[in-house]
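Asks: Listed below are the residues making up each chain.
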Amino acid sequence: MDNSANSQHHLVNDPPENVAEEPQENYLNEGKGLMSWLTTTDHKRIGILYLLTITFFFCIAAFAAAIMRADLTTPQGDLVISETYNKLFTVHGVLMIWFFLVPSIPTVLGNFLVPLMLGAKDVAFPRLNLASWYVFVAAGVFTLYAMVAGGVDTGWTFYTPYSSTYSNGHVISMAMGIFIAGFSSIFTGVNFIATIHKMRAPGLTWMRLPLFIWSLYATSIVIVLATPVLAISMFLVMVERLFGVGIFDPALGGDPLLFQHLFWFYSHPAVYIMILPGFGAISEIIATFSRHRVYGYSVVAFSSLSIAVLGFLVWGHHMFVSSQSVYAGLVFSLLSFLVAVPSAIKVFNWSVTMILGRVQFTTPLLYAVGFLGLFTIGGLTGLFLATLAVDVHVHDTYFVVAHFHYIMVGGMVMGYLGGLHLWWPKITGRMYHEWWGRIGATLIFIGFNLTFFPQFILGYLGMPRRYHTYPPEFQFLNVVSTAGATILGLGYLLPFIYLIVSLKKGKKAPDNPWRATGLEWTTSSPPPKHNFEQTPTVNEEAYAYKD
Amino acid sequence: MGHLSQEVHEAYRDEVQEKRTGYLGMWAFLSSEILFFGSFFLAYAVIRSFHADAFREASGHLSLLWGTINTAVLLVSSYLIAFGEKAFELRRNKAGMLSWAGAAVLGVAFLAIKFYEYGEKFHHHHIPGLDFKAEDFQHPQGAELFHFLYFSMTGLHALHLIVGVCWISGMVLWFKLRKGRTIQTTYVTTAALYWHFVDLVWVFLYPMLYLIRP
Amino acid sequence: MLSHFPQFLLAQTDADAPALRFWPERASDMAGHVDAVFIGLMVMSALIVLLLLVLLGYALFNYKRDDRGLGLWIAKSRWKLETTWSVIPFLVFLGLFAIGAKLYIDSYDPTEEGREINVVGRQWMWQIYHPEGKMEHDQLHIPVGEPITLVLSSEDVIHSFYVPAFRVKRDVVPGKYVRLTFTANKTGRFHFFCAEYCGTNHSQMDGWVTVMEPEAYAEWLQQDMSGQDHLTLAERGREIFHAQGCSGCHEPDSTVHAPRLAGVAGSRIALQDGGFVTADSGYLRDSILLPGKDIVAGFQNVMPSYQGQIDEGQIAALIAYLQSLDSEDSDVSTR
Amino acid sequence: MSQSHEDMPSNALLLGILAALMVLLGAAFSLVWLPHGPWKPFLAILIAGAKAALIVWIFMRARYHDHTSWLFIIGGIFWLAILFTLTFADYLTR
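Residue numbers (numbering that gives the first Met the number 0), protein chains in the order written: chain A, 0 to 546; chain B, 0 to 213; chain C, 0 to 334; chain D, 0 to 93.
No lab work stands behind these hints: they were computed from the structure. Computed from a predicted structure; not experimentally measured. One thing to keep in mind: the hints can contain errors.
[As the list claims (entries may be wrong)] Straight line, CA to CA, 25 angstroms or less: simulated DSS-like cross-link-like pairs of lysine-lysine:
id, chain 1, residue 1, chain 2, residue 2
1, C, 175, C, 292
2, A, 528, A, 504
3, B, 93, B, 175
4, D, 39, C, 292
5, C, 292, B, 132
6, C, 75, A, 545
[Unchecked claim] Not close to chain C: a few residues of chain B, all C-beta gaps over 12 angstroms, as computed:
id, residue
7, 16
8, 89
9, 112
10, 113
11, 119
12, 120
13, 161
Note that CB positions come from ideal geometry on N, CA and C, so glycine has one too.
Pulled out of the complex, with its shape left as it was, chain A reads as follows:
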């Protein structure tokens, strides 16, 4: 990119230590006070609002997980009673999925970066963007109310007729929260689609877009087309509970499998809502720190789109043992294998990019390498689950728990943290402490594997998921898992601390600390309110690294 437009900011490349005041006008200091934040339509500030909100939800959900892991150290589960345990895993699942993983990269990094990467002043519908945050908060209020008022014990899957008839929890309130959160997702998705289609800077053709944009585009399509189906399935559960009419209750003439079809039509693609943005962040990190264009750019870009489409064709693999028809099982199994192909392509292309380039060991790169390892294991174990006969054995066991945590935590959270580190200087204008960053990334990687690898073995041994108590022969591996979770918890605590410390004590960040390509690095750190002094023009490919 042409950096000459930013020569006036050259001063900040050599900053004095601990400057209290920001000398330059930027999005952070252009308006003061709480109200200026709560009424902002600036995509960057909305990104920060989301960052704070989802971090809050992450902390609650992680706390629930900590109690569960502690409880599982003994077969009898001595820490909490079964009812509490069931409520804990429901809260953990619901908050982690709909209030952390689904919104994480799109609403935080996506909101912040999409207009910057496109050379636009804002997203297409800035007011809708702010509205989506308020809708998200409202959804959170309903969900938290359900938690505080006594909890919900259905699990995040809300299987009927348990959720619609038998459960005593505050299912309606929590389902309402998820229903509303869906609209927040849809608004964000619509916004990104319109922005990416229509707001690109002159010269920024589709094949010049950063891969992060490609993956968010694919994500948005999935969000927009899948989320309404979740909304309806939650709506039907709520209405069924309220009025006692049974679309899903066989005793009243309905069919519980209909719920599963509707639910997984959303919830399997939702896995791709969670992981695709992670792919995007990893592409950026690997290109930046290999100083090389992503190998097979177009293949990686289109594999995101094909994942978005194929991801909709496989939901029935959650129902292999549910007494869906054997023939449907065969179709869904075959299609599930197909969706693994584009993911395999991506992993190889990223590795080769690193071979071709010159790798710089930095915190984001460590996260990216961790991502590659964990996502590969998660993806491969996905093949085990797509294999019909093997799935029959490991379905609804800890094997599945381990598998999706490798994808979502090992994949998505690593991608999110890597991306957060990559763009932290741009977002805050401060550098974080590099060594603490590396220690954190390493701890998370080790802790994660210690936590979840034993769960694969537990699953194959036959320990069902959502078990508060278990036979004693499973105890050893559970204790190992809990020990790992402790390390993992410490690992997550580190970035939480040093990133906050960096806000006060961190060195001032230059405009382009990583010497990366991409329009977001051509503006100042942190960017001014309207992103660019003048609309940039693009005349080269993405990732044009010359050195």
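Given chain A, put chains B, C and D in place with the hints provided.
Replies: Positioned in the frame of chain A, the structure of chains B, C and D alone reads:
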């Protein structure tokens, strides 16, 4: 930005970009709405495949006449919206406002008829879950599910229509207040798209609910 | 609260169960096949992870820009490489699919079924009804080497019957019969679980399968019947048939115009709406609980629903009774 | 920015579409008196589809706008088709 004028929101370069973005964004949202109502259609299809006779029987308890009149009302309102949209674009604001006001009135008429139909159901104790007179039906279980789907789908549709009526009449009022000044076609386009879509949903609900009678 | 914690390596409640294991027991014909596929998958995964590690190792420890050697070769053969790592996984996946599908069909859509045992799941226990009349709960006794077909039903929510040592599992969906066929090939006691989350005590909804030699099994069926009525399931069904008043209408002398039931089980039935249906256990179950659903041609929908009147165990007995009748049986024939 | 007349349907076309919609409504209405058959619901949905196509094509201006929006019109329908096809792949083969 040189093109930046009062009429164009600050995020856009010019009005053409704004209009195209609005049109696309609205369609992206509507594709989401297709799946929203579509999953109801799926639930309907699956439950109907279990209770075919019951659905036919229960459909006979709806008023075919009112259903058909309501379809006609919505189709005409859609025409008025399309006509008005064109008028706005040609800067014939008065004609535009008049036909949109007409569409809003037709929307209210639709809702009035709908609520009259609901009232009849209430009167006959055909409210699923709360007050359902099973003796009226040969297949009470399926009939109750039919009524449940009927109320959910038409209720959700009516909710969309209420939003539409508010949106359209709000725009007419807003245009009236801005008399003499140019009108942004983006707002017109998106509102019109939304209205047509609500109409589209009814076009499918009509045969699904009213036309399967014995 | 954590008083048990230090003893974790010793914790052992069942004398048969070892404190620690890394591979589940194999006790059915299916188990060996599943393990074989699983090991195959592990080998393939290990190879892929190894390949990835080599690539990453090369990238990370050879961190000069590589525009010679491997790097040059990679850059030159881009299409070849990308095709390779799309096509090879694709073919491997197809093979895996075929193997998994074959086993799945064998297990879920078996060509022959075996001895039928009714299993009813309810929050939070398993009730088992042997055709010979013996009942047990959270315990399932079966003979070794003989195909067993469990007829699973649920009183309330979805449960899932799971025997890790057999590598079999099926969700027990309320409102229908789900059939699960397997053959145990090893005697012993094996844990079974409820694998589908079903509420508060989901994790306590487990039990033991005891696989016995056929002679021991035959003996066991007769033993320990105290407190039970010494009737077979079908005989118990006959009592229910009379006690619930079914005989009042379905008996030959009844004034009510109701279908004859002798020989009905397994036959092909013409329906009022012109269709046909085979009277399998699922149909018989629906006819008791949802009599208006599929009305037999020539009859009126006059039968009351027995939903909520009788439980799954009683329905199982009734169906066993109906299945025990052949068309010559005078007991309930209309003419 | 004023629009040229090619960007929008003529008044005659709009009225023609309305007339066609009313004719289709009449056709759907008259279905009720036809004898039963499995074709009937399909015909009813087909008529609804025809009405929908007219509305999308002319009233909603799909004909006059750039093709990007078609992506989402067709996308919505395509994904709905996926939902129906694969769900009924299960129900019809039980």
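Asks: Measuring Cβ to Cβ, find out whether residue 112 (chain B) lies farther than 12 angstroms from everything in chain C.
Replies: Fine: 33 angstroms to the nearest Cβ keeps residue 112 (chain B) off the interface.
Asks: Are residue 528 (chain A) and residue 504 (chain A) close enough, with their CA atoms no more than 25 angstroms apart?
Replies: 24 angstroms, holds
Asks: If I take the minimum Cβ distance from residue 161 (chain B) to any residue of chain C, is it greater than 12 angstroms?
Replies: 37 angstroms, holds
Asks: Quick one, are residue 93 (chain B) and residue 175 (chain B) close enough, alpha carbons at most 25 angstroms?
Replies: With a Cα-Cα distance of about 9 angstroms, the restraint between residue 93 (chain B) and residue 175 (chain B) holds, given a limit of 25 angstroms.
Asks: For residue 113 (chain B), which was marked as not at the interface, is the minimum beta-carbon distance to chain C over 12 angstroms?
Replies: Check passes; 30 angstroms lies beyond 12 angstroms.
Asks: Take a quick look at residue 89 (chain B) and tell me if its Cβ sits farther than 12 angstroms from every Cβ on chain C, holds or violated.
Replies: Non-interface label stands for residue 89 (chain B): nearest chain C Cβ at 53 angstroms, farther than 12 angstroms.
Asks: Can the restraint linking residue 39 (chain D) and residue 292 (chain C) be considered satisfied, given a maximum Cα separation of 25 angstroms?
Replies: Given pair residue 39 (chain D), residue 292 (chain C) holds - Cα atoms ~22 angstroms apart, limit 25 angstroms.
Asks: Quick check for students: does the CB of residue 16 (chain B) sit more than 12 angstroms from each CB in chain C?
Replies: 36 angstroms, holds
Asks: Would the pair residue 292 (chain C) and residue 132 (chain B) pass a check requiring their Cα atoms to be no farther apart than 25 angstroms?
Replies: 19 angstroms, holds
Asks: Beyond 12 angstroms from chain C, beta-carbon-wise, is residue 119 (chain B)?
Replies: 25 angstroms, holds
Asks: Within a Cα-Cα threshold of 25 angstroms, do residue 75 (chain C) and residue 545 (chain A) meet the stated pairing?
Replies: At roughly 19 angstroms apart (the allowed maximum being 25 angstroms), residue 545 (chain A) and residue 75 (chain C) satisfy the hint.
Asks: May I ask you to check that residue 120 (chain B) keeps its beta-carbon over 12 angstroms from the closest beta-carbon of chain C?
Replies: Check passes; 22 angstroms lies beyond 12 angstroms.
Comparing the model with each earlier hint shows no violations; every hint is respected.
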